[in-house]
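Starting from the known structure of chain E, arrange chain A with the ligands on it as the hints suggest.
Chains as they are written, first to last, in our numbering: chain E, 134 to 345; chain A, 1157 to 1422.
Just so you know, the hints here were simulated from the structure itself, not pulled from any lab data.
Where a beta carbon is used, it is the ideal one built from N, C-alpha and C, also for glycine.
Some hints could be false.
Stated by the list, open to error - Here are some, though not all, of the chain A residues that point toward chain E, as calculated from beta-carbon distances under 10 Å: (1) THR1319; (2) HIS1322; (3) LEU1323.
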Amino acid sequence: MFCLRGVGYRDILDIERLEIPEGKVTCIVGESGSGKTTLLRLLNKLISYDNGDIVYKGHSLKDIDSVELRRRVVMLPQTPAIFPGTVWDDLLIGLVFSEKPLVGEKKLLEIMKMVHLDKGFDEDAEKLSGGEKQRLALGRVLLLDPEAFLLDEPSSALDEDTEEVVIGGLVKYVRERGKTVVMVTHSKQVARSFSDKIVEISHGRVVSCWEG
Amino acid sequence: MLGGVAVRGIIELQMWQVAVAYIFIVILLFIVRARGIPREKEILVASLRMTLQLVLTGYILAYVFTNSHPLYTLLAIAIMEAFAVYNIYKRVKTPLSPRLREIIAVSMVTGTLASLFYFLLVVVRISPWYDPRYVIPIAGMLIGNSMTGISLGLSRLVDGMRTQQHLVEAALMLGATPGAASKQIVNASFDAAILPTINSMVGMGIVFLPGMMTGQILSGVSPLTAIEYQIAIMLGILGCVALTVVMFVQLGYKTFFNEECQLDLQ
Ligand SMILES: Nc1ncnc2c1ncn2[C@@H]1O[C@H](COP(=O)(O)OP(=O)(O)OP(=O)(O)O)[C@@H](O)[C@H]1O
Ligand SMILES: [Mg+2]
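So here's chain E without its partners, still in its complex pose (with noise of 0.2 Å):
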């Protein structure tokens, strides 16, 4: 799906070859500072590599349009984005920033209970907790249905109960649709529970890699 060939970024990033999976759960481990973020910003096309090429399924990301990458390619935030708002327009906005069709009460309901937020869609998305917010942002992505997401630790200040049911959760609603994921964490648990594929980082550099 993404496969990376001598792509650097500064003196950030240097990763001389790396292929990601179609449909598969790829984790992304590291220290801090490893270079993670950096790697799927560049999957994003939030930043742009300076030499080698990234191509997503047979494309260099040179040649795809950038908002339509961001729409089929869909990223996850380290820290958890929060519009002004309530809980209703928070999970919505994506649809509104991609320019796709709103959906009902009931999908919402759907996506509520999969990342385990049980909150009201009137209340002040601002006011909610830090998981709280992290799992409204994860709610949010889901329910664009992109080819692929690029998740940011998306579990990073949730409990290891939380973290177990929604990480649970979405892999198993990704991969019944065949959708592919990237995710960064430190978490070994979910690293070893849910993924296909590991790859670890160091110092911009990929180190190591496992495929299950």
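Frame of chain E; chain A with the ligands shown alone:
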């Protein structure tokens, strides 16, 4: 007459009468010195600049009014535009990209000129089109107000892009176009830019008499005529500020993104 000479019912001030008005500055200087507020220098410089600039402008206008010529009028407009644009650049603390500077100048000049000539030729219907008695003061009001508007909108835009960087980027990640991702910031800048004009309309006539109207009344024009002019010019100002600012924000937000639709704050 006691010290004043009446011409067309208006008391012309003698030099010494103007000098007596400087007593206000002396009192102010006295107060700040007594309280130990370190503002004497600024007060002196401001009074001096105000005096010199106005005296100079008075002589220039007197000359231009008696020797009216389209070139003089256009030159006066050009100087005001240049001064206004320069002032906007100076007022914002953060460095501005060359493209943003260009957009400020273009929106300022085209927006004010379009409203100015619409106002003069369609609303007031002056003739000849360059009559400096009308063109220069009205241009001054439109350009001055647009300058304030764009300054306010500009700082709000630059601040917004910086402080809300993560929200703009989060919107981009979800597949938003740069326009959609910065819509809130652009709207807030537009709002900040036109709010002072709207507020001044609300208090007008009750809280204060606007400068132009005061001037006309002092120079013997009937208050009813003065009010007609004031209403027209207020609408002109609002339209002009809105036009320049909307051009500025619509073109300006784009300079914060590169051709790959990435947020680029340098
Ligand atoms: N825009 C930037 N300008 C300069 N340096 C940057 C920029 N973005 C990231 N870096 C640097 O690149 C390195 C990798 O950052 P990155 O955010 O990718 O790390 P990470 O692996 O996601 O870390 P963490 O686990 O703490 O989130 C860091 O040293 C960071 O300071
Ligand atoms: Mg990171």
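Restraint outcome when A:HIS1322 is required to lie within 10 Å of chain E by C-beta distance: This interface hint holds because 6 Å falls under the 10 Å limit.
Let's test the interface hint: is any C-beta of chain E closer than 10 Å to that of A:LEU1323? Check passed: Cβ of A:LEU1323 comes within 5 Å of chain E, closer than 10 Å.
Regarding the hint that A:THR1319 lies at the interface with chain E, is the smallest CB-CB distance below 10 Å? Hint on A:THR1319: violated, closest Cβ of chain E at ~13 Å, above 10 Å.
In summary, the structure is inconsistent with hint 1 from the numbered list given earlier, while agreeing with all the others.
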